[in-house]
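Asks: Modelling step: build the complete structure from the supplied sequences, incorporating the hints.
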Amino acid sequence: MERKEVLENVIEFAARAYNKEASEIHEDTKIAEELGGQSMQRVALSASIENEYDVMIPVARIGKFETIGALVDYVMDEM
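Numbering (our numbering), first residue to last: 1 to 79.
The set of hints was computed from the structure by calculation and includes no laboratory data. Quantities reported herein were computed from a predicted structural model and do not represent experimental measurements. The reader is advised that the hints may include incorrect statements.
[As the list claims (entries may be wrong)] 30 Å max Cα-Cα, derived DSS-like pairs, lysine-lysine:
no.: 1; residue 1: 20; residue 2: 64
no.: 2; residue 1: 4; residue 2: 64
no.: 3; residue 1: 30; residue 2: 4
no.: 4; residue 1: 30; residue 2: 64
no.: 5; residue 1: 30; residue 2: 20
no.: 6; residue 1: 4; residue 2: 20
[As the list claims (entries may be wrong)] Computed Cβ-Cβ distance ranges for the label pairs, DEER-style:
no.: 7; residue 1: 38; residue 2: 2; range: 24 to 32 Å
no.: 8; residue 1: 58; residue 2: 23; range: 27 to 35 Å
no.: 9; residue 1: 39; residue 2: 2; range: 28 to 36 Å
no.: 10; residue 1: 60; residue 2: 30; range: 12 to 20 Å
no.: 11; residue 1: 23; residue 2: 56; range: 23 to 31 Å
no.: 12; residue 1: 44; residue 2: 78; range: 14 to 22 Å
Even for Gly, the Cβ is constructed at its ideal location relative to N, Cα and C.
Replies: Next comes the structure, spelled out in structure tokens:
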């Protein structure tokens, strides 16, 4: 699977989890600073990614990804 497709999907998942428009989110979007840092939203984002790509994202780690792009890089490495 290509990174661009994973990026598009993660943006969609983030938009749903954080109740934002996907058009407001991009690869350089800072997750905690721009989207918010509530743990329920991070868990929802993580669960969507895990279900779609069959990768595990430890709960303690999901909060450490600074940007959407860094999260995508992790998913790509784990697939």
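Asks: What hints, given by number in increasing order, does this structure fail?
Replies: none
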